[in-house]
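Protein chains in written order, with the working numbering: chain V, 1 to 230; chain X, 1 to 605.
You may find that some hints are simply not true.
Claimed, not checked - Per the computed footprint, the stretches of chain X lying under chain V, defined by three or more beta-carbons under 8 Å from a beta-carbon of chain V, are:
(1) 463–475
(2) 486–498
To be verified - From the derived model, a few chain X residues whose C-beta atoms are all more than 12 Å from chain V:
(3) THR2
(4) GLY70
(5) PHE83
(6) THR163
(7) LEU167
(8) VAL217
(9) ARG234
(10) GLY247
(11) ALA313
(12) ALA321
(13) SER436
(14) GLN564
What the hints assert, rightly or not - Incomplete in silico selection of chain V near chain X, CB under 8 Å:
(15) ARG76
(16) ARG81
(17) PHE83
(18) GLU87
(19) PHE89
(20) GLY90
(21) SER91
(22) GLU96
(23) VAL100
(24) ARG105
(25) THR148
(26) GLY213
What the hints contain is simulated information worked out from the structure, not anything from laboratory work.
In this text, all values refer to a predicted model and were calculated from it rather than measured experimentally.
Even glycine gets a Cβ: it sits at the ideal position worked out from N, Cα and C.
Listed here are the chains, written in short residue letters.
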Amino acid sequence: MSMLRVEGVTVRFGEVTAIDDVTLSASPGVTGLIGPNGAGKTTLFDVISGLRKPSAGRVLLDDADITAKGPHQRSRLGVARTFQRLEVFGSLTVWENVVVALESRRRSSRLASELLDRVGIAEFAANQADTVPTGAARLLELARALATDPQLLLLDEPSSGLDRAETDAFGELLQQLSAEGRAVVLVEHDMDLVMNYCDHVHVLNLGRLLTSGTPSEIRSHEGVREAYLG
Amino acid sequence: MTALLAYTIFGLVTGGAYAVVAGGLVLTYSTSKVFNVGHGAIGMVMAFLYWELAENRGLPQWLALLIVVGGCAPLFGLLIERFVMRRLAGAPVGITLVAGVGVLVGLIGAAQAIWPPQARPVRPFLDQYGVHIGQSFVSGHDLVTLLCAVLVAGGLYILLNRTRTGLAMRACVDAPELAALYGTRPYRLSALSWAIGSALAALGGILLTPVVQLDYVTMTLLVITAYTAALVGRLRSLPWTFVGALGLGLVQSYAVAYLPSSPFWIAFRAAIPALLLFVVLLAMPQSPLRIGGVRGSRGVAVPTGLATGVGAAIFLGVVLALALLVDGVVAGQLALGLVFGIVLLSMVLLTGYGGVVSLGQFTFVGVGAVTVARLGSSSPLALLAGAAVAAAIGALIALTVLRVSGLYLALATLGFAQLMDKLVLQSPIAFGVRGSLQVPKLVGSPAAQLILAAGVFAVVGAGVLAVRRGRLGRRMIAVKDSSAACATLGMNVRWIRVWVFSLSAAIAGLAGGLFAQLRETVAASDFQLFNNLPLLLFAVIAGVTSVSGAALGGLLLMLLPVLQSGFPAFAGAAVVLLGVAAAGLARDPNGLVSWFFRAWSWRRA
Numbered sequence: 001m002s003m004l005r006v007e008g009v010t011v012r013f014g015e016v017t018a019i020d021d022v023t024l025s026a027s028p029g030v031t032g033l034i035g036p037n038g039a040g041k042t043t044l045f046d047v048i049s050g051l052r053k054p055s056a057g058r059v060l061l062d063d064a065d066i067t068a069k070g071p072h073q074r075s076r077l078g079v080a081r082t083f084q085r086l087e088v089f090g091s092l093t094v095w096e097n098v099v100v101a102l103e104s105r106r107r108s109s110r111l112a113s114e115l116l117d118r119v120g121i122a123e124f125a126a127n128q129a130d131t132v133p134t135g136a137a138r139l140l141e142l143a144r145a146l147a148t149d150p151q152l153l154l155l156d157e158p159s160s161g162l163d164r165a166e167t168d169a170f171g172e173l174l175q176q177l178s179a180e181g182r183a184v185v186l187v188e189h190d191m192d193l194v195m196n197y198c199d200h201v202h203v204l205n206l207g208r209l210l211t212s213g214t215p216s217e218i219r220s221h222e223g224v225r226e227a228y229l230g
Numbered sequence: 001m002t003a004l005l006a007y008t009i010f011g012l013v014t015g016g017a018y019a020v021v022a023g024g025l026v027l028t029y030s031t032s033k034v035f036n037v038g039h040g041a042i043g044m045v046m047a048f049l050y051w052e053l054a055e056n057r058g059l060p061q062w063l064a065l066l067i068v069v070g071g072c073a074p075l076f077g078l079l080i081e082r083f084v085m086r087r088l089a090g091a092p093v094g095i096t097l098v099a100g101v102g103v104l105v106g107l108i109g110a111a112q113a114i115w116p117p118q119a120r121p122v123r124p125f126l127d128q129y130g131v132h133i134g135q136s137f138v139s140g141h142d143l144v145t146l147l148c149a150v151l152v153a154g155g156l157y158i159l160l161n162r163t164r165t166g167l168a169m170r171a172c173v174d175a176p177e178l179a180a181l182y183g184t185r186p187y188r189l190s191a192l193s194w195a196i197g198s199a200l201a202a203l204g205g206i207l208l209t210p211v212v213q214l215d216y217v218t219m220t221l222l223v224i225t226a227y228t229a230a231l232v233g234r235l236r237s238l239p240w241t242f243v244g245a246l247g248l249g250l251v252q253s254y255a256v257a258y259l260p261s262s263p264f265w266i267a268f269r270a271a272i273p274a275l276l277l278f279v280v281l282l283a284m285p286q287s288p289l290r291i292g293g294v295r296g297s298r299g300v301a302v303p304t305g306l307a308t309g310v311g312a313a314i315f316l317g318v319v320l321a322l323a324l325l326v327d328g329v330v331a332g333q334l335a336l337g338l339v340f341g342i343v344l345l346s347m348v349l350l351t352g353y354g355g356v357v358s359l360g361q362f363t364f365v366g367v368g369a370v371t372v373a374r375l376g377s378s379s380p381l382a383l384l385a386g387a388a389v390a391a392a393i394g395a396l397i398a399l400t401v402l403r404v405s406g407l408y409l410a411l412a413t414l415g416f417a418q419l420m421d422k423l424v425l426q427s428p429i430a431f432g433v434r435g436s437l438q439v440p441k442l443v444g445s446p447a448a449q450l451i452l453a454a455g456v457f458a459v460v461g462a463g464v465l466a467v468r469r470g471r472l473g474r475r476m477i478a479v480k481d482s483s484a485a486c487a488t489l490g491m492n493v494r495w496i497r498v499w500v501f502s503l504s505a506a507i508a509g510l511a512g513g514l515f516a517q518l519r520e521t522v523a524a525s526d527f528q529l530f531n532n533l534p535l536l537l538f539a540v541i542a543g544v545t546s547v548s549g550a551a552l553g554g555l556l557l558m559l560l561p562v563l564q565s566g567f568p569a570f571a572g573a574a575v576v577l578l579g580v581a582a583a584g585l586a587r588d589p590n591g592l593v594s595w596f597f598r599a600w601s602w603r604r605a
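So here's chain V without its partners, still in its complex pose (with noise of 0.2 Å):
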């Protein structure tokens, strides 16, 4: 059963169709959203998320129709996200960051450091979060989704900023959050990332679907091919 089904979603600005007319579902698990730059990865979030509404097209969770609530209600049902474009909050330290997401979903806030543990930015707590670098930035803002416990969490590129030892501990991670029985979609470049740990991936080119199916389908896909070189 799929938890998340986005269906037949269309985003426009102005002249522009960012998203043309895209169905796709996420189930428990890990699943790949890759595409060229400009496939309209991160706008698919953003409909997700409900920061952006669609110009046509219903988005559901768990079957129910989420399309006309606003984002915290989404993430009052279990959706959490990470951003392409960093959002932490810059003027509170890292542990902060955390706990503000806790009081949000009223968790103890005791929970923060192990959380910091968890993705392995413990290090950074008491540093002001617009200090550190990138790819800890990514993790505490995977922290921070995490810290709303998520039915279906959102990641735009986690691993970019990240060095070799850290994707791979990443992806432990990403396994560990599949085995909780969470939903994890995953916006990535990183293809290794993408091919060893998602469980099925969509492919999105010029903002449609291009095609979907598992790791090794997409690899041998001629049309992804081409669209990737152009």
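Assemble the complex: chain V is given as a structure, and chain X must be docked to it using the hints.
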């Protein structure tokens, strides 16, 4: 029918002058992304300068007009761009607003210093000419105004849409760095737009002088109408801005003609520009949550609970000693300074932590004062009632403007302050038009007043710090840094803003009650729109992110009129200095006190 025609012509003429002013505002905004709050003040000063040349020095009108609109005003625009606005490129809207308010206040100070108050009639243009349309007479000045509006509209349209410079100007707004790569010089273009913008402010101001009289504040606030017109065009579209300006001119003209002339409706007429500003803001589309990039600001360190307690004890000890040492006059002044300090604490919460710039905070002080005055008691319960009424009104305003944020929100607070001043504070239910109210003192001697003010300041200050350390404080700062992220974490960011507004208004209302019983006589003029501006400037200069900044700012605000009456020759200069300091310091909202903090931590290190 004849009357209708006459009022329509009059409305179109006034609207034409508004259009000239608003066109300049939109031009500078659309090419530099800085909303020039001081636009009206530039028009005001230039209109005074025109009076000086044409009326006082006897130059021919056309020559004076040419010198002012073609020379002085553009030059002034260039200076403002070079020395104030260029340094603020890319700064948050709050900072550019404060710089604009600094320019505004500085210009009013300069005008007062150069041209002391007196009647200054200005001859209309071509006053011996005119045409009859039906039975209405259209004067030469009216025709000149309409002609200027048409020329400005056409000129701006051609500049932006038909010339390379205009194309480059529009490109620079979207991506100055990128435009620079293609050989355009963003600074030069921005300077050009400020020069033209100021020239249009000057032209509009001069055209309006025969209608509105030459007055520092009235002419400066005339810009509210220009703001409204510019908002009709969403700060981008010149054609819509012109439509908006003409519409506003007509509405005001018809209001003069057809509304009854009872005291309420007279007040209502004065409130029409602010009312329309409000209506246009309410009709604005929902501001999208901004996404993209880390924002953070370095506040001054927040003391722990223990440190707050120790600090409060030392503060109260010092005040107690002062209360015993100084004479009654000084004690009363210090008490007033601390009451202003409490008002500034409300801004620490709203602006310092919450990042919302309010141009109407003094209005809540007025609400608290009226409540206490109307209750006829200054008991602690009455003071709390004042805070509660202010909180309720604060929540109401926040709920009304829930949809807008940033610049639009700040303008909404400005409109709100003007509406409250004209429709509520000056109405018979409050102070009355020129009325004042008596308030019994809570404690008798000035020394006791000082201790009372210090006690309340210490309690509220500790409370503000406790909020900052706690859940609400973290949330407020999170919302300021990224509302989008807050929303995706499950926070209803708009409700948080309602809370912050309401809490901040409550503190201002409490200060209002204290102010009323300290002064014993209060009037609507104590809380008029213009008083908000020095308040904001002192908040930023002293430091709007800390409790000590609020104390320092309050004392400075109290000292300003004291110094002005002590050295009348420098009264205007002091205001100029205030404006210049704010425009210069706007970049660092931690203000002067943060320098002391830094010096202190350096000593200890």
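Verification of the hints:
Here's how the segment 463–475 of chain X fares: 3 of its residues keep a CB closer than 8 Å to some CB of chain V, so the rule of at least three is met and the hint holds. Coverage of the segment 486–498 of chain X by chain V holds. Counting CB-CB distances below 8 Å, 8 residues qualify, and the rule asks for three or more. In this structure THR2(X) is separated from chain V by more than 12 Å, as the shortest Cβ-Cβ distance comes to about 47 Å. The beta carbon of GLY70(X) sits about 39 Å from the closest Cβ of chain V, which is more than 12 Å, so the claim that it is off the interface holds.
The claim that PHE83(X) lies off the interface holds: its Cβ sits roughly 29 Å from the closest Cβ of chain V, which is beyond the 12 Å cut-off. In this structure THR163(X) is separated from chain V by more than 12 Å, as the shortest Cβ-Cβ distance comes to about 25 Å. Every beta carbon of chain V lies more than 12 Å from that of LEU167(X), the smallest distance being close to 19 Å; the non-interface claim holds. For VAL217(X), the condition that its CB be more than 12 Å from all CB atoms of chain V holds, with the nearest at approximately 36 Å.
Once the 12 Å rule is applied to beta carbons, ARG234(X) is consistent with being away from chain V; the minimum gap is 14 Å. Interface exclusion of GLY247(X) from chain V stands, the closest Cβ pair being 26 Å apart, more than 12 Å. Residue placement check: ALA313(X) keeps its beta carbon more than 12 Å from all beta carbons of chain V (closest about 28 Å). Every C-beta of chain V lies more than 12 Å from that of ALA321(X), the closest at about 37 Å, which supports listing it as non-interface.
Chain V leaves SER436(X) outside its interface by the beta-carbon criterion, the shortest separation being 43 Å against a cut-off of 12 Å. Distance check on GLN564(X): its Cβ is at least 37 Å (rounded) from any Cβ of chain V, clearing the 12 Å threshold; non-interface status holds. With a least beta-carbon distance of about 5 Å to chain X, the hint placing ARG76(V) at the interface is held under the 8 Å criterion. Satisfaction of the interface hint for ARG81(V) is found here, the shortest Cβ-Cβ separation to chain X being roughly 5 Å, below the 8 Å cut-off.
Taking 8 Å as the C-beta cut-off, the interface hint given for PHE83(V) holds, the closest approach to chain X being about 7 Å. The closest approach between the C-beta of GLU87(V) and any C-beta of chain X is roughly 4 Å, which is under the 8 Å cut-off, so the hint is satisfied. The restraint placing PHE89(V) at the interface with chain X holds, with a minimum CB-CB distance near 4 Å, inside the 8 Å limit. Hint status for GLY90(V) relative to chain X: holds, with the closest Cβ pair at about 2 Å, below 8 Å.
Interface hint status for SER91(V): upheld, as the beta-carbon distance to the closest one in chain X is roughly 4 Å, under 8 Å. Below 8 Å, beta-carbon pairs count as interface contacts, and GLU96(V) has one with chain X at about 6 Å; its hint therefore holds. Given hint, VAL100(V) at the interface with chain X, holds; its Cβ is 5 Å from that chain's nearest Cβ, closer than 8 Å. Checking ARG105(V) against chain X by beta carbon gives a least distance of about 6 Å; that is within 8 Å, so the hint holds.
The beta carbon of THR148(V) is positioned within 8 Å of a beta carbon in chain X (closest approach about 6 Å), and the interface hint is therefore held. Below 8 Å, beta-carbon pairs count as interface contacts, and GLY213(V) has none with chain X, the closest being about 29 Å; its hint is therefore violated.
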